[in-house]
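Q: Protein chains in written order, with my numbering: chain A, 303 to 506; chain B, 303 to 506.
Each hint should be verified, as a subset may be incorrect.
[Claimed, not checked] With a Cα cut of at most 30 Å, we get these calculated DSBU-like pairs of lysine-lysine:
1) B:Lys359 <-> A:Lys439
2) A:Lys359 <-> A:Lys439
3) B:Lys470 <-> A:Lys359
[Said to hold, decoys possible] Residues from chain A shown here face chain B by an in silico Cβ test under 8 Å; the list is partial:
4) Ala342
5) Gly344
6) Gln361
7) Leu364
8) Ala422
9) Arg426
10) Leu430
11) Val433
12) Leu454
13) Val465
14) Phe474
15) Ala481
16) Ala485
17) Gly500
[As the list claims (entries may be wrong)] In silico negatives: residues of chain B with every beta carbon more than 12 Å from chain A:
18) Gln374
19) Val465
20) Phe502
If you're looking for bench data, these hints aren't it; they were derived computationally from the structure.
Quick reminder that beta carbons are idealized off the backbone N, C-alpha and C, glycines included.
Number of protein chains: 2
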Amino acid sequence: MARRTGRRPGNPDTREAILAAAREAFAERGFDAASIRAIAAGAGVDPALVHHYFGTKDQLFLAAMNSPIDPQQLIPQVWAGDRDQLGERLVRVFLGIWDSPAGAAAVALLRSAVSNEWTARLMREFVLTQVLRQVVKAAGIEPEEARIRVPLVGSQLVGLAMVRYIIKIEPFASTPTEALVAAVGPTVQRYLTDELPGVFDHLA
Amino acid sequence: MARRTGRRPGNPDTREAILAAAREAFAERGFDAASIRAIAAGAGVDPALVHHYFGTKDQLFLAAMNSPIDPQQLIPQVWAGDRDQLGERLVRVFLGIWDSPAGAAAVALLRSAVSNEWTARLMREFVLTQVLRQVVKAAGIEPEEARIRVPLVGSQLVGLAMVRYIIKIEPFASTPTEALVAAVGPTVQRYLTDELPGVFDHLA
Numbered sequence: 303m304a305r306r307t308g309r310r311p312g313n314p315d316t317r318e319a320i321l322a323a324a325r326e327a328f329a330e331r332g333f334d335a336a337s338i339r340a341i342a343a344g345a346g347v348d349p350a351l352v353h354h355y356f357g358t359k360d361q362l363f364l365a366a367m368n369s370p371i372d373p374q375q376l377i378p379q380v381w382a383g384d385r386d387q388l389g390e391r392l393v394r395v396f397l398g399i400w401d402s403p404a405g406a407a408a409v410a411l412l413r414s415a416v417s418n419e420w421t422a423r424l425m426r427e428f429v430l431t432q433v434l435r436q437v438v439k440a441a442g443i444e445p446e447e448a449r450i451r452v453p454l455v456g457s458q459l460v461g462l463a464m465v466r467y468i469i470k471i472e473p474f475a476s477t478p479t480e481a482l483v484a485a486v487g488p489t490v491q492r493y494l495t496d497e498l499p500g501v502f503d504h505l506a
Numbered sequence: 303m304a305r306r307t308g309r310r311p312g313n314p315d316t317r318e319a320i321l322a323a324a325r326e327a328f329a330e331r332g333f334d335a336a337s338i339r340a341i342a343a344g345a346g347v348d349p350a351l352v353h354h355y356f357g358t359k360d361q362l363f364l365a366a367m368n369s370p371i372d373p374q375q376l377i378p379q380v381w382a383g384d385r386d387q388l389g390e391r392l393v394r395v396f397l398g399i400w401d402s403p404a405g406a407a408a409v410a411l412l413r414s415a416v417s418n419e420w421t422a423r424l425m426r427e428f429v430l431t432q433v434l435r436q437v438v439k440a441a442g443i444e445p446e447e448a449r450i451r452v453p454l455v456g457s458q459l460v461g462l463a464m465v466r467y468i469i470k471i472e473p474f475a476s477t478p479t480e481a482l483v484a485a486v487g488p489t490v491q492r493y494l495t496d497e498l499p500g501v502f503d504h505l506a
């Protein structure tokens with residue numbers, strides 16, 4: 303077995319084989335149906351090695367999609383505080399990722415999700431299983447409503463990233479973060495916690 | 303000179319040469335600085351032929367970026383009616399484009415803008431010169447504020463298209479249009495016409 307060295311132990315070829323098998327399994331079968339056992343078999347390694355290299359299935363998934371962030375680590379930051387400022391905090395944390403060194407990985411991921419159907423599938427699984435479930439758990443939003451509320455929030459945040467970091471429309475792209483928090487925070491707040499008449503009728 | 307046949311007259315090679323020269327000129331110099339004369343020279347044709355094939359510079363620009371829509375034709379549809387329902391009408395018209403046969407071209411354009419720096423530049427010019435100017439003119443929004451308000455609207459609409467038509471997160475992707483109009487319309491309305499405290503401070 304490979305020597306453990308910091309956060310990325312193991313033989314690079316083995317690591318890559320596991321990540322490739324994981325991407326295929328998560329994109330094809332979805333997060334829940336993809337098993338560590340099947341991913342290990344796909345990579346030709348022992349399941350214990352997958353856990354040893356990547357930890358939990360959630361952590362393997364984040365590694366497989368080159369996620370610049372771990373939602374489980376960010377969500378406490380967003381939820382700590384006044385419920386009325388949830389939207390503002392979420393926008394602030396989100397823009398903070400793009401403005402940090404992780405921003406380059408976020409741009410690459412978004413580009414790939416747009417041009418590549420497989421990455422789009424992984425992104426979908428990411429939103430549904432990593433973000434949606436965390437949000438439902440943390441915010442106590444009704445799960446049926448969360449299936450519309452979370453993509454609404456996602457639509458505003460993804461679009462913000464597109465216009466600011468990819469299409470780069472000025473002066474919007476260089477507008478101070480706090481001006482955007484003031485503009486977009488209330489939108490996100492409304493999508494998460496307001497009543498939204500007419501939006502859930504078709505779910506009934 | 304080529305025979306006029308319907309909306310796309312002329313020699314296909316000449317048309318393509320003009321469009322290629324136009325894309326380069328608009329992306330490199332921007333819409334305002336790119337002249338029909340320079341584009342014609344780049345394509346090795348007479349400026350009169352450019353007008354003959356494509357009409358105005360605005361029309362040439364829309365053709366060069368394969369725009370599925372002409373904002374000048376859509377804006378009257380959005381602005382006709384109660385100013386309080388501007389946001390709802392804009393979301394309805396926007397989703398209507400994506401759900402129409404032009405939707406495929408819109409998906410292609412968005413994909414290209416994300417993966418290709420040149421298309422991103424054209425998209426930027428498109429938003430700034432075709433959409434922004436029309437909106438300022440039609441809605442009487444203060445031009446300095448419009449430079450933030452219009453990209454805010456753009457961020458919500460582009461993100462909506464991403465989540466619904468490209469990443470396709472269900473059940474959001476198959477949510478009835480009117481449910482999304484009810485959800486997103488007020489956001490767009492607020493970005494266009496509400497006061498937005500704290501958003502414009504840095505412009506002063």
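Q: Now, for every hint given, state plainly whether the structure supports it.
A: Hints, one by one, checked against the model:
| no. | hint | in the structure |
| --- | --- | --- |
| 1 | B:Lys359 <-> A:Lys439 | 53 Å, violated |
| 2 | A:Lys359 <-> A:Lys439 | 19 Å, holds |
| 3 | B:Lys470 <-> A:Lys359 | 24 Å, holds |
| 4 | Ala342 | 28 Å, violated |
| 5 | Gly344 | 25 Å, violated |
| 6 | Gln361 | 22 Å, violated |
| 7 | Leu364 | 17 Å, violated |
| 8 | Ala422 | 5 Å, holds |
| 9 | Arg426 | 5 Å, holds |
| 10 | Leu430 | 7 Å, holds |
| 11 | Val433 | 10 Å, violated |
| 12 | Leu454 | 6 Å, holds |
| 13 | Val465 | 4 Å, holds |
| 14 | Phe474 | 4 Å, holds |
| 15 | Ala481 | 5 Å, holds |
| 16 | Ala485 | 5 Å, holds |
| 17 | Gly500 | 3 Å, holds |
| 18 | Gln374 | 20 Å, holds |
| 19 | Val465 | 4 Å, violated |
| 20 | Phe502 | 8 Å, violated |
Consistency with the previously given hints fails for numbers 1, 4, 5, 6, 7, 11, 19, 20, ordered from lowest to highest.
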